[in-house]
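Q: Chain by chain, the residues run as shown.
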Amino acid sequence: GAVVSQHPSWVICKSGTSVKIECRSLDFQATTMFWYRQFPKQSLMLMATSNEGSKATYEQGVEKDKFLINHASLTLSTLTVTSAHPEDSSFYICSAPDSNSGNTIYFGEGSWLTVV
Amino acid sequence: AQSVTQPDIHITVSEGASLELRCNYSYGATPYLFWYVQSPGQGLQLLLKYFSGDTLVQGIKGFEAEFKRSQSSFNLRKPSVHWSDAAEYFCAVGPNQAGTALIFGKGTTLSVSS
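Protein chains in written order, with the working numbering: chain H, 5 to 120; chain R, 254 to 367.
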């Protein structure tokens, strides 16, 4: 199947700092990517839809000024957690639909964020 | 409302025994259905998908799923479970549109006993 890669796999940052997570589609182009957040032993919560060339669409309750999303190219979307706080610690996963396989959605490996 | 229900939060199966994980959906349009598996601390791996055609779908790792429109179900099965199958399993539904995210069930944790 298609490959979606995230970087970094895990990151620790201090409270008040910002951290950027990258999501790349390695062997296909994606005009849309999705960012999820997952708490331990829970399902995935959709945070936002990243759109290449336009603004991201945020789900209700997600602070767009805190979780900045930039879809810089057809293979790269970034999520920046600004002024991070310990409650932002979570597992963040991105996904992208591969139009070459009927828009099957493939997921990245996820990024663990710990804010201390 | 569109939703996915996985009735079983946690299932334990003996190694070598058969497995069935249940998934029911509520979706207004023609559903496109997926099963993903997640190992602890990992991302999601696609097991199989149903778009159209044969309602019995074969996936990776020996898994299969059957789409039953009349029951709004897409249950995942495996005839003989291996210890390495222990993981979290998510059923998801969505449209075949690039700009729309999937709706996920809450997941079923599979434990495999020896």
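If you are wondering where the hints come from, they were derived from the structure by calculation, not from laboratory data. Values in this document were obtained by computation on a predicted structure and should not be read as measured data. C-beta atoms are modelled at their ideal positions from N, C-alpha and C, and glycine is treated no differently. Keep in mind that a hint or two might mislead.
Some chain R residues judged to face chain H by a derived CB distance under 10 Å, without partners named [to be verified]:
#, residue
1, 278
2, 332
3, 334
4, 336
5, 337
Below are the DSS-like pairs computed for lysine-lysine, each with C-alpha atoms no more than 30 Å apart in a straight line [stated by the list, open to error]:
#, chain 1, residue 1, chain 2, residue 2
6, R, 314, H, 59
7, R, 314, H, 45
8, H, 45, R, 302
Q: Confirm or reject each hint.
A: Hints, verified against the model:
no.: 1; hint: 278; result: violated, 14 Å
no.: 2; hint: 332; result: violated, 23 Å
no.: 3; hint: 334; result: violated, 21 Å
no.: 4; hint: 336; result: violated, 20 Å
no.: 5; hint: 337; result: violated, 18 Å
no.: 6; hint: R:314 with H:59; result: violated, 39 Å
no.: 7; hint: R:314 with H:45; result: holds, 23 Å
no.: 8; hint: H:45 with R:302; result: holds, 23 Å
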